[in-house]
Amino acid sequence: GAGVSQSPSNKVTEKGKDVELRCDPISGHTALYWYRQRLGQGLEFLIYFQGNSAPDKSGLPSDRFSAERTGESVSTLTIQRTQQEDSAVYLCASSFILGGATSTDTQYFGPGTRLTVL
Amino acid sequence: KNEVEQSPQNLTAQEGEFITINCSYSVGISALHWLQQHPGGGIVSLFMLSSGKKKHGRLIATINIQEKHSSLHITASHPRDSAVYICAVPPNYNTDKLIFGTGTRLQVFP
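From first to last, the protein sequence lines stand for chains A and B.
So in the numbering used here the end of the first sequence lands on 118, straight run, no missing numbers.
So in the numbering used here the end of the second sequence lands on 110, straight run, no missing numbers.
Where hints are given, some of them may not hold.
Stated by the list, open to error - So the derived list for chain A, only partly shown, Cβ under 8 Å to chain B, looks like this:
{"#": "1", "residue": "Gly3"}
{"#": "2", "residue": "Val19"}
{"#": "3", "residue": "Phe96"}
{"#": "4", "residue": "Pro111"}
{"#": "5", "residue": "Gly112"}
Think of the hints as simulated: they come from the structure by calculation, not from any bench.
All C-beta atoms in this analysis are idealised placements derived from N, C-alpha and C, irrespective of residue type, glycine included.
Just need the whole structure built from these sequences, with the hints factored in.
Rendered as structure tokens:
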């Protein structure tokens with residue numbers, strides 16, 4: 001079956017513009033995660049969804065960042081008024097929820113969206 | 001102090017060598033993840049474990065919950081194992097958020 005897909009694969013934008021990044025999780029996966037990886041740095045958690053709700057938004061760097069998930073499938077991460085420090089690879093992952101708050105299964109990662117803010 | 005620490009940061013090996021990568025964490029966790037990031041950037045989940053040991057092919061992961069330590073072993077290493085290996089844990093029992101170690105960059109030479 002299809003894996004996690006993300007679009008676009010690359011996005012170049014000018015400082016101050018808004019961008020939308022899309023994630024299509026594996027069908028049937030109710031948990032969805034967004035991460036960021038800046039050049040040469042480690043992975044940072046941004047937000048995750050259980051179904052359509054986001055129990056933990058603590059990783060969002062500022063109020064310019066927001067995420068939505070509709071229909072327990074597609075999610076969009078929106079960055080408003082982009083800044084150069086937003087340049088990074090944005091990764092999405094999905095997994096099953098086995099039950100309970102901390103019983104998710106293995107996370108499957110998408111290929112990422114490389115965002116460059118000029 | 002980072003909540004998740006990996007060692008070594010960089011590792012080089014000759015093909016065929018046995019590799020060990022270590023991960024120590026300071027938080028209470030429900031499960032620990034080992035991930036592999038290929039040179040092209042793609043990330044693959046290798047293991048998720050909450051106790052004992054798991055094996056998949058030439059990869060073995062162990063965890064000691066009492067000591068808050070996990071190891072990833074690669075037997076008979078091969079150049080295609082060259083990648084960054086990352087361990088990740090939830091910061092507490094009430095979330096599925098993950099915090100990540102800084103990764104161990106492994107290069108295996110023929």
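message: Please check whether glycine 112(A) passes as an interface residue: C-beta within 8 Å of a C-beta belonging to chain B.
response: 6 Å, holds
message: Holds or violated: the hint that proline 111(A) contacts chain B, with Cβ atoms closer than 8 Å.
response: Nearest chain B Cβ about 6 Å off; hint holds.
task: Double-check glycine 3(A) for me: the hint is only fine if its C-beta lies closer than 8 Å to a C-beta in chain B.
output: 10 Å, violated
- prompt: Should the hint that phenylalanine 96(A) touches chain B count as held when the rule is a Cβ pair under 8 Å?
  reply: 11 Å, violated
message: Less than 8 Å between beta-carbons is the criterion; does valine 19(A) satisfy it with respect to chain B?
response: Violated. Min distance 19 Å.
Comparing the model with each earlier hint shows violations of hints 1, 2, 3; every other hint is respected.
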